[in-house]
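Trainee: Next come the chains, spelled out residue by residue.
4 protein chains.
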Amino acid sequence: MENIFEKYESEVRSYCRTFPKEFTKSKGAIIEDIDGNKYIDFFDGAGALNYGHNHDYIKDKLIDYLKKDGIIHSLDMYTTPKKEFIQFFEEKVLIPRNLNYKIQFTGPTGTNAVEAALKLARKVKKRENIFALMGCFHGMTLGSLALTSDKDSRKGAGLPLTNVTHIPTPYMFDNLNIVEYLDKILSDDHSGVDKPAAIIIETVQAEGGIYVFDNKFLQGVRAICDKHDILLIVDDIQVGCARTGTFFSFERAGIIPDMVVMSKSIGGYGMPMALTLIRPELDIWKPAEHNGTFRGNQLSMVAAKAGLEVMLNEKVEKQVKDKEKIVKKYLEENINHDNVEIRGIGLIWGIDVHSEELSKKIVNECFNNGLILERAGRENRVVKIMPPLTIDNDVLLEGLEILSKAISKILK
Amino acid sequence: MENIFEKYESEVRSYCRTFPKEFTKSKGAIIEDIDGNKYIDFFDGAGALNYGHNHDYIKDKLIDYLKKDGIIHSLDMYTTPKKEFIQFFEEKVLIPRNLNYKIQFTGPTGTNAVEAALKLARKVKKRENIFALMGCFHGMTLGSLALTSDKDSRKGAGLPLTNVTHIPTPYMFDNLNIVEYLDKILSDDHSGVDKPAAIIIETVQAEGGIYVFDNKFLQGVRAICDKHDILLIVDDIQVGCARTGTFFSFERAGIIPDMVVMSKSIGGYGMPMALTLIRPELDIWKPAEHNGTFRGNQLSMVAAKAGLEVMLNEKVEKQVKDKEKIVKKYLEENINHDNVEIRGIGLIWGIDVHSEELSKKIVNECFNNGLILERAGRENRVVKIMPPLTIDNDVLLEGLEILSKAISKILK
Amino acid sequence: MENIFEKYESEVRSYCRTFPKEFTKSKGAIIEDIDGNKYIDFFDGAGALNYGHNHDYIKDKLIDYLKKDGIIHSLDMYTTPKKEFIQFFEEKVLIPRNLNYKIQFTGPTGTNAVEAALKLARKVKKRENIFALMGCFHGMTLGSLALTSDKDSRKGAGLPLTNVTHIPTPYMFDNLNIVEYLDKILSDDHSGVDKPAAIIIETVQAEGGIYVFDNKFLQGVRAICDKHDILLIVDDIQVGCARTGTFFSFERAGIIPDMVVMSKSIGGYGMPMALTLIRPELDIWKPAEHNGTFRGNQLSMVAAKAGLEVMLNEKVEKQVKDKEKIVKKYLEENINHDNVEIRGIGLIWGIDVHSEELSKKIVNECFNNGLILERAGRENRVVKIMPPLTIDNDVLLEGLEILSKAISKILK
Amino acid sequence: MENIFEKYESEVRSYCRTFPKEFTKSKGAIIEDIDGNKYIDFFDGAGALNYGHNHDYIKDKLIDYLKKDGIIHSLDMYTTPKKEFIQFFEEKVLIPRNLNYKIQFTGPTGTNAVEAALKLARKVKKRENIFALMGCFHGMTLGSLALTSDKDSRKGAGLPLTNVTHIPTPYMFDNLNIVEYLDKILSDDHSGVDKPAAIIIETVQAEGGIYVFDNKFLQGVRAICDKHDILLIVDDIQVGCARTGTFFSFERAGIIPDMVVMSKSIGGYGMPMALTLIRPELDIWKPAEHNGTFRGNQLSMVAAKAGLEVMLNEKVEKQVKDKEKIVKKYLEENINHDNVEIRGIGLIWGIDVHSEELSKKIVNECFNNGLILERAGRENRVVKIMPPLTIDNDVLLEGLEILSKAISKILK
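Chains as they are written, first to last, in my numbering: chain A, 5 to 416; chain B, 5 to 416; chain C, 5 to 416; chain D, 5 to 416.
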């Protein structure tokens with residue numbers, strides 16, 4: 005019998021095809037379907053639920069705010085929750101890290117924050133080109149989509165995607181120093197590659213296949229940007245908010261981007277929110293030059309501040325570092341099949357089985373055994389482990405066990 | 005003393021410059037600032053709050069849902085609130101209107117829904133060009149921005165905006181029949197204007213200056229689309245959800261668009277949400293060809309369904325038609341200054357004072373007297389009246405009175 | 005039997021399909037095929053042979069120059085023929101007309117001169133958009149092709165053609181004042197039409213269907229350019245070199261373009277040559293910023309100067325004015341069929357039979373009777389009369405007679 | 005005293021700044037200025053004069069043709085000289101080399117032939133992107149300019165140059181196998197690099213700095229094109245017509261391009277001409293889909309055929325191979341300074357002095373001593389030796405001696 009989704013929801017729907025259940029409830033790292041089946045969540049709302057599903061601390065703040073009829077929707081007017089979020093974010097997140105950014109609240113999607121960063125970079129530098137890395141994902145609206153590297157997404161544009169140059173990555177070519185490559189094509193007056201306004205980079209390419217860029221590379225890219233007067237934009241939408249063990253993923257490399265785009269878990273409770281952080285001297289926006297109706301959703305502001313409080317109170321960064329060891333150890337000890345590669349940092353890991361068919365079978369097997377996770381990377385060959393950062397260790401291990409067994413079964 | 009917003013929020017902020025207060029609470033048509041001052045809201049979250057601020061019916065549903073730990077964030081997986089929303093929307097909204105659309109849940113911003121529609125139109129028709137109307141506003145991400153007509157927004161792109169042809173509107177040229185104009189340039193093998201995949205249109209141009217397109221024009225555009233095998237996309241983001249007296253703004257013209265983009269008030273409670281409605285035979289999306297992290301925010305689904313219930317239960321369409329008369333009558337009787345033009349339909353009205361300076365003074369005067377409204381249109385010369393549709397008649401009249409007095413004072 | 009052309013020359017060949025003979029000789033207004041058949045030439049090399057085929061005065065100069073081993077190819081180095089051409093052009097053509105232009109010798113094709121003008125306009129004004137007129141033709145390379153208005157040519161690009169806005173023409177819309185239209189969309193801050201660097205215009209649209217723009221319109225466009233700080237480029241490739249009765253076609257309107265592009269008959273003898281004339285204050289080119297191997301073909305320089313001498317010595321402008329009367333009178337008296345429209349100026353005339361099929365039959369009938377002419381305009385419905393300007397009156401009348409009979413026969 | 009050129013010719017002029025004399029006559033490898041000074045020509049009209057200046061055999065044909073009033077200008081109609089050229093080219097040039105191409109006569113500039121090839125490639129493959137190589141030069145009109153790699157030329161566009169991806173070259177990165185690089189980014193579904201319709205390549209990058217691609221690389225590129233269903237276009241404008249020792253420069257590698265673009269010396273006598281050669285199965289042009297007024301200049305056809313006769317009769321290919329040895333030996337023995345690199349093949353050689361200032365001084369010193377040559381490459385650091393292929397050996401050696409002395413003097 006055709007269900008209501010198949011009948012009425014667009015064919016564009018996707019994850020529901022892998023996990024064809026109707027979900028109703030969730031808590032921490034557990035999702036429950038309508039039949040009462042429970043699933044361990046190693047998918048984490050694609051990174052939007054770093055503090056777990058329905059965290060009680062945040063939930064209480066939301067209910068309180070709703071109850072007292074706090075203003076909900078206010079565009080970009082001044083409000084109390086926004087004031088409190090900004091203050092908390094500056095004082096508790098940025099200043100302790102010696103970071104100095106102004107905050108732009110964009111439409112509450114990651115791609116919108118990316119588009120804002122691209123616009124501002126082009127405006128500041130008066131150049132049209134942007135460098136993005138092969139393997140990257142930055143969103144689906146036209147400006148971001150020109151960055152995004154996967155073929156199927158790009159074809160969806162129905163237009164040539166222009167004004168972006170894709171740069172190879174260190175993991176793609178053994179003998180090519182990418183930092184030198186950048187320097188060379190930027191210095192060469194006959195490279196044909198137009199000098200970009202900015203280089204945009206994820207410190208860990210998630211959709212590309214869970215590739216962690218090492219600190220030296222990140223520092224090298226920063227240095228190239230300095231040398232050639234190019235802005236560095238870090239897209240921390242998926243691996244920010246402590247995913248890699250520090251709030252910002254670039255902290256480990258000691259670099260300071262010119263702009264940072266954030267979304268997903270910044271909303272604290274899975275609430276839609278997105279930010280573009282801007283070095284103050286670059287903040288040459290004119291009023292309303294980039295706007296959007298939902299950039300001032302106050303429930304998101306409330307959840308966002310509460311999420312940051314959870315992050316600090318529960319020492320989530322520390323938790324991640326501890327759990328990274330657990331995951332790493334577990335995978336190394338239990339996943340040692342031929343032609344399987346393990347990559348990751350913090351609580352984002354990929355098991356590259358080098359086969360689209362096998363990865364699919366593994367994911368299905370896991371789901372049948374109560375574990376939700378997704379695939380990523382070239383031809384979707386990488387099984388991706390991305391649990392909530394606050395997951396209990398025993399649940400984490402239980403999930404890993406389901407996964408390990410599924411891999412063993414499928415890879416035999 | 006510099007406040008926290010001026011210090012830390014990007015210069016792009018805008019409405020807060022017109023209404024420089026910290027707002028805290030809201031209910032119905034009233035917003036309250038931190039000092040306890042109350043304001044009548046004729047701005048309505050730019051159209052996102054058609055059922056009023058913090059409507060109790062919706063609020064209760066939200067609190068209930070939060071309390072029972074309903075799943076909040078689920079990407080595009082199947083969930084109970086989504087099922088209920090879809091079912092309600094199809095059965096209570098579309099089918100009674102003899103409309104047959106599949107629903108695409110896009111990233112929860114209007115611009116994202118527009119981008120999805122553009123992609124799909126280009127994919128279906130295998131053509132790159134899109135026709136948009138002079139005076140239109142469709143969003144700020146690169147694909148939508150190419151449509152959006154105002155100069156300042158366009159300059160923000162930092163790129164040439166391409167693959168869109170702007171078409172003059174009936175109100176711009178007295179002796180030019182725009183439907184014939186369209187037919188002519190589409191029929192002419194030497195017009196130089198590439199045949200578009202789609203024409204996108206607002207039935208009332210809000211940002212353009214509150215211009216209501218008459219039914220004959222809308223029907224003419226539909227006929228041209230049929231004749232030339234072009235898709236018709238109606239952007240009902242601002243004037244849908246009963247703003248003009250019917251749920252969809254195009255109902256009055258008896259036309260059926262091929263796609264409809266919705267956002268703003270579809271979220272019921274000011275919650276971020278956006279939809280692209282698609283005639284089923286056009287739904288050739290491949291899974292995940294357009295995606296986004298927050299397209300499955302369940303609080304928005306809950307609020308959206310509750311909002312539709314309010315719309316039906318409180319006969320909001322009927323209310324609008326009644327209040328339209330009140331506003332129209334009031335304005336005709338009270339605003340009769342030289343060089344002032346009044347335009348509108350339903351509960352969206354513009355008072356064109358033909359002067360950027362005067363409109364600004366009027367808005368400021370209103371704010372000082374407890375009324376929030378904004379400006380729109382060419383050079384921001386139009387004072388825009390857009391209260392919640394559920395506003396009490398006496399509050400509506402009170403707001404109109406403040407406005408009328410302000411206009412009289414400023415225009416002397 | 006398949007001939008050598010069909011076997012080896014690309015399918016792109018075109019005029020040879022209408023005139024499938026092998027041509028060998030030519031003189032004045034007469035072309036001869038390999039079988040000794042003679043044809044009156046009302047096609048004129050698409051406007052490249054204004055002084056007739058193989059004019060003896062020019063021919064002698066060419067043979068002399070070849071014989072004395074004058075340098076033939078010299079890129080953009082200084083040469084004696086170039087010096088003499090420049091001097092003659094400035095002193096005998098520009099200065100007497102109170103015109104002050106610097107000369108850029110571009111690659112010897114019209115499209116190259118257009119591309120140079122576009123580049124320079126964009127560079128000077130730092131804007132990307134260009135306005136072109138519906139019905140225009142400006143060439144086939146990518147930059148020019150974006151201007152060119154006919155559908156089939158545009159499709160050949162294989163790319164979206166961007167950064168050009170096509171403007172309707174006076175003959176297209178009876179009640180639309182195009183000069184006011186331009187002013188309105190340029191003044192409107194919500195037109196969505198990006199301000200152009202330049203407007204490019206042919207004073208007579210030849211490929212568009214032989215439409216002569218009246219002086220008032222041309223003056224209006226010039227005024228709009230002045231008002232809005234936009235450059236005016238006149239493309240005089242086809243109707244310059246005295247075709248309309250004055251050397252430059254815009255002289256009749258008393259306007260001064262900021263740039264003029266010339267080609268075709270500027271080469272005097274059908275020799276490849278193209279010029280971009282530039283108001284001196286706009287000549288901000290950097291050395292070699294636009295170059296090309298054949299911009300210094302000295303045979304073309306020799307022919308060009310000799311051609312200008314012919315133009316002056318034989319009072320070609322005067323001849324055109326006289327012959328215009330002959331053609332006009334003849335056509336008015338002899339071509340008076342229903343649904344046939346006659347348009348023209350100088351020695352470029354179109355007979356619009358409003359049918360692609362009929363125009364084709366007429367052209368074929370003419371060819372069979374010894375007259376070569378081509379079609380132009382929307383759907384090729386216009387039979388185009390464009391003889392050499394130096395044609396003898398009796399040959400001119402003979403050609404007109406063949407044409408008149410063909411029309412009568414075909415239209416019955 | 006300001007001369008006529010400085011007063012009236014656009015600032016874009018360039019070579020005349022290096023060689024500020026008025027030239028009048030030329031013969032073989034010698035150019036003469038107005039004062040009777042003679043210069044050995046190692047510049048060769050940028051490659052347009054491979055058979056020398058004013059070759060008597062060709063000259064006689066031109067004079068004969070002029071004298072007998074052969075048709076000069078005929079667009080793309082059939083003519084006797086065109087027939088004879090096609091026949092000769094097919095039978096004496098293509099068939100003996102086992103090549104099978106149809107010929108498109110484009111507007112007579114190299115850039116026009118490139119634009120035609122790009123259009124056709126995009127049309128055939130229905131893809132927008134083209135791969136070009138870093139260091140390449142393919143022309144100055146918008147489509148070609150997007151390929152051309154040097155920064156200053158690109159800036160002249162006044163537009164973002166799009167739909168081209170620039171590929172690094174073997175000489176740029178020691179440890180990067182470019183053929184593998186191509187394969188990898190074309191195979192990777194996340195490279196972000198859109199699959200191109202074609203790869204366009206010069207077998208020797210002249211403007212890039214005289215870099216000769218080895219046969220293995222050329223074969224590798226051909227193989228990649230086959231593997232990924234991409235067209236291979238060889239731009240033989242500068243190094244075709246026997247410059248490298250075979251008529252087509254790609255013969256040495258044993259590869260067969262899908263299209264070949266030719267210009268410069270194909271005109272035989274420095275006459276403007278350009279061809280796009282097309283594998284017959286790709287010739288899907290519609291009539292007139294790419295056109296141009298001067299694609300049928302019959303003097304060029306006459307000169308082109310005569311030039312090919314010279315090429316065969318005088319065994320120019322053999323001459324080049326012999327003279328290559330002379331030049332190579334001379335340079336190796338006489339130019340052995342620190343930090344100077346010599347590169348070349350056939351009769352195109354570069355002396356890379358790694359300094360813009362030094363290369364300029366050398367060129368000036370040569371000119372003062374009666375030798376004309378130009379610079380090329382990154383920052384113009386390469387002195388370029390490109391004499392006519394028919395140069396007498398003693399003149400060749402005399403020129404080399406002037407050059408050698410100049411280098412010694414400047415580099416000390």
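Check before you lean on any hint, since a few could be wrong.
Chain copies aren't distinguished; within one or between two, either way the pair holds.
[Claimed, not checked] Pairs of lysine-lysine residues, derived as DSSO-like cross-links and limited to a Cα-Cα distance of at most 30 angstroms, are as follows:
#1 Lys71 with Lys231
#2 Lys333 with Lys409
#3 Lys364 with Lys416
#4 Lys42 with Lys231
#5 Lys31 with Lys155
#6 Lys127 with Lys155
#7 Lys42 with Lys31
#8 Lys72 with Lys11
#9 Lys155 with Lys325
#10 Lys129 with Lys413
#11 Lys96 with Lys325
#12 Lys159 with Lys364
#13 Lys155 with Lys329
#14 Lys329 with Lys409
#15 Lys220 with Lys333
#16 Lys290 with Lys29
#17 Lys96 with Lys25
#18 Lys290 with Lys329
#19 Lys29 with Lys42
Calculated from the structure, these hints are not laboratory results.
Just so you know, these numbers come straight off a predicted model, no measurement behind them.
Trainee: Does each hint hold? Answer for all of them.
Mentor: Hints, verified against the model:
| no. | hint | in the structure |
| --- | --- | --- |
| 1 | Lys71 with Lys231 | neither (53 angstroms within a copy, 54 angstroms between copies) |
| 2 | Lys333 with Lys409 | within (16 angstroms within a copy, 70 angstroms between copies) |
| 3 | Lys364 with Lys416 | within (15 angstroms within a copy, 69 angstroms between copies) |
| 4 | Lys42 with Lys231 | neither (53 angstroms within a copy, 48 angstroms between copies) |
| 5 | Lys31 with Lys155 | neither (36 angstroms within a copy, 48 angstroms between copies) |
| 6 | Lys127 with Lys155 | both (28 angstroms within a copy, 15 angstroms between copies) |
| 7 | Lys42 with Lys31 | within (10 angstroms within a copy, 39 angstroms between copies) |
| 8 | Lys72 with Lys11 | between (39 angstroms within a copy, 28 angstroms between copies) |
| 9 | Lys155 with Lys325 | neither (34 angstroms within a copy, 47 angstroms between copies) |
| 10 | Lys129 with Lys413 | neither (54 angstroms within a copy, 44 angstroms between copies) |
| 11 | Lys96 with Lys325 | within (20 angstroms within a copy, 51 angstroms between copies) |
| 12 | Lys159 with Lys364 | within (23 angstroms within a copy, 42 angstroms between copies) |
| 13 | Lys155 with Lys329 | neither (35 angstroms within a copy, 49 angstroms between copies) |
| 14 | Lys329 with Lys409 | within (20 angstroms within a copy, 69 angstroms between copies) |
| 15 | Lys220 with Lys333 | within (25 angstroms within a copy, 47 angstroms between copies) |
| 16 | Lys290 with Lys29 | between (43 angstroms within a copy, 29 angstroms between copies) |
| 17 | Lys96 with Lys25 | between (40 angstroms within a copy, 25 angstroms between copies) |
| 18 | Lys290 with Lys329 | neither (47 angstroms within a copy, 39 angstroms between copies) |
| 19 | Lys29 with Lys42 | within (9 angstroms within a copy, 39 angstroms between copies) |
Taken one by one, the earlier hints fail for this structure at numbers 1, 4, 5, 9, 10, 13 and 18, listed in ascending order.
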